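Chains as they are written, first to last, in our numbering: chain A, 1 to 813; chain B, 1001 to 1313.
Don't read these hints as lab results, they were simulated from the structure.
Given the structure is predicted, the values throughout are model-derived calculations rather than measurements.
Be aware that one or more of the hints could be misleading.
Distance ranges between label pairs, derived from CB positions [stated by the list, open to error]:
no.	chain 1	residue 1	chain 2	residue 2	range
1	B	Val1181	A	Ser237	30 to 36 Å
2	B	Met1001	A	Gly134	51 to 57 Å
3	A	Thr597	B	Val1010	50 to 56 Å
4	B	Glu1094	A	Asp108	38 to 44 Å
5	B	Asn1007	A	Asp265	53 to 59 Å
6	B	Met1001	A	Gln154	45 to 51 Å
7	B	Asn1007	A	Thr260	27 to 33 Å
8	A	Glu536	B	Val1181	41 to 47 Å
9	A	Arg276	B	Glu1094	55 to 61 Å
10	B	Glu1094	A	Thr478	49 to 55 Å
11	A	Thr478	B	Asn1251	53 to 59 Å
For every residue, glycine included, the Cβ atom is placed at its ideal position computed from N, Cα and C.
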Amino acid sequence: MTNSWTDIRNTDLVVIMGGNAAEAHPCGFKWVTEAKANRGAKLIVVDPRFNRSASVADFYAPIRQGTDIAFLLGLINYCMLNDKVQWDYVKTFTNASFLVKEGFTYRDGLFTGYDEQKRDYDRATWEYEIGPDGYAAVDETLQHPRSVWTLLKQHVAMYTPELVERICGTPRDKFLAVAQMVSECSSPTKTMTSMYALGWTQHSKGSQNIRTMAMLQLILGNIGVRGGGMNALRGHSNIQGLTDVGLLSNSLPGYMNLATDREPDLAAYMSTRGFRPLRPNQTSYWQNYRKFLVSFLKSMWGPAATAQNDFGFDWLPKLDVPNYDILRAFELMKQGKMTAYLCQGFNPLQAFPNKAKLVEGLSKLKLLVVMDPLETETARFWENHGIYNDVDTAAIQTEVIQLPTTCFAEDEGALVNSGRWLQWHWPGGTPPGEAQPDTWIMAQIHLRLKALYRTEGGAFPDPILNLHWPYKDPGLPTPEELTKEMNGYIVADVPDPADPAKKLLEAGKQVANFGQLRDDGSTACGCWIFAGSFTEAGNMMARRDNADPDDTGAYPNWSFSWPANRRILYNRASADINGKPWDPSRKLLEWDGQRWTGYDVPDIAPNAKPRDVGPFIMNAEGVGRLFARGMMRDGPFPVHYEPFESPVANVIAPKVRGNPVARVFADDFAQFADVASPEFPYAATSYRLTEHFHYWTKNNHVNAVLQPEFFVEISEELAKEKGVAKGGWVRVWSKRGSVFAKAVVTKRIKPMICDGKTIHIVGIPIHWGFVGAAKKGFPANVLTPFVGDANIETPEFKAFLVNLEASTGPASV
Amino acid sequence: MFPPIPNPPVAPTSPGFSDKDLIRRSASSVPAPATRQTEVAKLIDVSKCIGCKACQAACIEWNDTHQAIGVNVGVYDNPADLTPEMFTLMRFSEWENPQTNNLEWLIRKDGCMHCEDPGCLKACPAPGAIVQYANGIVDFVHDNCIGCGYCVKGCPFDIPRISKVDHKAYKCTLCSDRVAVGQGPACQKACPTQAIVFGTKDEMKEWADFRIKDLKSRGFENAGLYDPPGVGGTHVMYVLHHADKPEIYANLPRNPTISPLVELWKGVGKYVGLGVMGLAAAAAVVHHLVAGANRVSPEDEANAEKLTEGRHS
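Using the sequences and the hints, build the whole thing.
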């Protein structure tokens, strides 16, 4: 989230699209009810289903799953055509005025540089024109034919309300009602918040779904302000922490990235990470990248990381492919190229697409280690559970080791919530049986590996042998030790340049903030964005002061919000070019002539003059990007692409199938239903229910009582057509598998008309499996396609094709 | 935000009310003094409810009930009805508003309304099996319950359920044990959106006014409070967006009243009734000892049939 959960109460308009906050985030949703009850805020829900969020919305508009970009570009077009633009914000705080290189074009769904064979672009033209001064060229009138604003206007012009209706199935009047409400938030004194979740990420163009809304929010001037922002509602309590500490296969902590094998040394790696400002005076904060990286390497390898050995850069893995995401992992298992899998706090047999392929992959492993507090389907993939897991146990040779872990309620430590708050928590219970904390297990594996390398040697022992392991009990690093390491500490005294007799930094102390980090090895920091969370003043994450001066929703002394305890990112954009708040009643920061003051930690140097330095300090331009340059694999502007399994052809680019640069493995392509397939005529989507949390709570009796049995949801119209009774059995199948489910027949799902064709929607909740207290049932991933987002490989769970028939149910029930 | 009820102190406190603070007692009189306490109420704001069922989970946990895992019968309501182990239930109704042509998904938390004039208590033949505390809470005293089911028949909201395990009547207690020590009911504590709030009845009415104003500003011109006078008002009230049509909320009765036969029975027929009750109670004890099941006399059964008019299926 750019903002925080508590800030949502400051909004005037909540748009829930690509998520279902009331259903999946009921506790956070309280801030929506607060905004509604106390500010008279309105709530819009745009979703294929009239869901729990819609039940308390002021306005609901239906949309066919997988068409959000068309809808959002339609909104941008509406705002541009109707002068509903926060002009002062757009002109000064976005790249609307920047000129794009000559040669950049878009035609028929594709941008310049497409290579069909590689399913990739040469992105050379997706860049700014650089002027003779070495900076990006701009036209402050926005009139230049190659200004971002002109190009965007042309790009979105086709997304009229009529086209939106044709693609999305949203009736024109409903779309226009949403557009009218949204566009009102272009006023500097009205803000809109976007609350989204997996409804946007789980598409082959998930990143672009989110980007399109971010662009709209920039045009409305809603980024960096109270009650505004792009607010990703994370699906697990600590999934924000997962990305923060760099657990994705191509990430390093603090949103740095792993080197590729074309970057053999630190100099080569840093050569593309200079982040030279693209406009005069701009901060371009990533210019400090080397400080964060070297401090990270120092935290990894301690005294062994020296300037002479590039601080151990060689000991980091180098990527030979863009990433080793989970889809690729299972593809490699299937091909027999990955033979051991360490599965920590994760149930991929339920959580990743195409269960049959997952079982095939796991069955070819030599070793599977599962670390989990609960029994999982993954750990039991080899057990035959009749129709629910019909495997030939005797034929599976995988050795499976289950290591029971403690659960969050038995651990001490910090979780990072959606709003970037690192909240410390204390154990509420004693772990049962042989359960051990994950940290103990990882430490034990490390120590044993180290011993093996010492005694037996190996191809490349250095990264393991040199790993800095300074913990009091090497077998069990404490949460305090680990979080202090992430915060960072001073390795060697740094004298004060003004007075060499004094120390600027004193060895052994915790760093106070990431501003103290250095690239000469005198500081160590496990995750630079967490700097400030555990300082000499103590554990900031454990703070529990709920005072909120002037009721701004900031709660500055409750836990620690990364970065630098900042509650709202880009908060300098809450004030105009002269540093005056756009909305005095929602003041966040103000320029007092000398420095930035206000309710939040400024997201800019405190003395940076407002007219000189732009608010988006992480961007080399200093402004927000309406044009993404080459940062997105699938285009600098978003384009409407259909899902890979789509009930209709893409009306704006009929030749383009799915996202043209999404990676698809050959065998998986063969398992996609054809576009508009008569064999698989229904548009399916999968989702969570309030009563359950993923695949965990089916182990709990009470949750199982509240939603006992697997079901699918269909419209009354489809039920009638197929002779399905409410509460009766249906069989649902895709090109990858077949399930039996109870039928919830509902008015909340209605057939949609898209491009003249009636589309029936089938809703499939995800929570059942063959382990747990609830009735045995099928997980949705029996049906879902094995393809991910073009940028980050999140699977396309939200839009695929199925067929459905009335059934007498599984014979064995 | 309605001010949250603070957590209880760590040191034990004496309860705010107990069985000495009764204003009504089934089939018997209340020992003096029976002074009225400040009336409490739970307010359920249907317009803020997201149907998350946290209230149901909290109810199961606090009351330590053991509802069996059921099946899906084609709706979100789980279990499909109130049971002796499930004292509250989200009932989901899909209603197409003829004025706007918009679908509305109305989610009402069903459970005991804690009537000021409780039909269950009036119908109850077992002395002291149903009591009303001086703050308005209506509670079942299971030691005194004979499981005859008259409370079911006397209830205009069809709430109590008879256990097949111990043959006693069960329903929401409004967490009288929690309220006695200054807490709100478990469902209120668990509700993430403050769709359930708890306080004095006056506070709840005032808060309801605030909510109704907001709803009217959003075009729900018939928004209002459900506090039906036919049962003397209730200690569980609803804010409804369409207070003129309570029946669209899973058949919430428009004008709930106690069956006139119950009134008759407890009025003119009181002494006759009490005699019958005595026999019934004795019979129940004997039956319980012999057969393990609770029965009442044929006359009672006949009376009950008349009372129910087939409303409890």
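| said: Given the hint of 27 to 33 Å, is the C-beta distance from Asn1007 (chain B) to Thr260 (chain A) inside that range or not? | reply: Given about 54 Å between the Cβ atoms, the range is violated.
| Between Met1001 (chain B) and Gln154 (chain A), is the Cβ distance one that fits in 45 to 51 Å? | holds (47 Å)
| Distance restraint evaluation - Glu1094 (chain B), Thr478 (chain A), Cβ atoms, bounds 49 to 55 Å | 53 Å Cβ-Cβ, so the 49 to 55 Å window holds.
| field | Whether the CB-CB distance between Asn1007 (chain B) and Asp265 (chain A) falls inside 53 to 59 Å | value | holds (58 Å)
| field | Range agreement (Cβ of Ser237 (chain A) with Cβ of Val1181 (chain B), hint 30 to 36 Å) | value | holds (31 Å)
| field | Range hint compliance [Cβ, Arg276 (chain A) to Glu1094 (chain B), 55 to 61 Å] | value | For Arg276 (chain A) and Glu1094 (chain B) the Cβ distance comes to about 58 Å; the hint holds.
| Whether the CB-CB distance between Glu1094 (chain B) and Asp108 (chain A) falls inside 38 to 44 Å | holds (42 Å)
| request: Mind checking the hinted window 41 to 47 Å against the Cβ distance between Glu536 (chain A) and Val1181 (chain B)? | output: Since Glu536 (chain A) and Val1181 (chain B) have Cβ atoms about 43 Å apart, the given range 41 to 47 Å holds.
| said: Quick check on a hinted range of 50 to 56 Å for Thr597 (chain A) and Val1010 (chain B), using CB atoms only. | reply: The hint (50 to 56 Å, Cβ to Cβ) is violated, given that Thr597 (chain A) and Val1010 (chain B) are roughly 41 Å apart.
| CB of Met1001 (chain B) to CB of Gly134 (chain A), is that within 51 to 57 Å? | Given a distance of about 54 Å, which is inside 51 to 57 Å, the answer is holds.
| Are Thr478 (chain A) and Asn1251 (chain B) spaced within 53 to 59 Å by their CB atoms? | holds (58 Å)
Checked against the numbered hints given earlier, this structure breaks hints 3 and 7; the rest are met.
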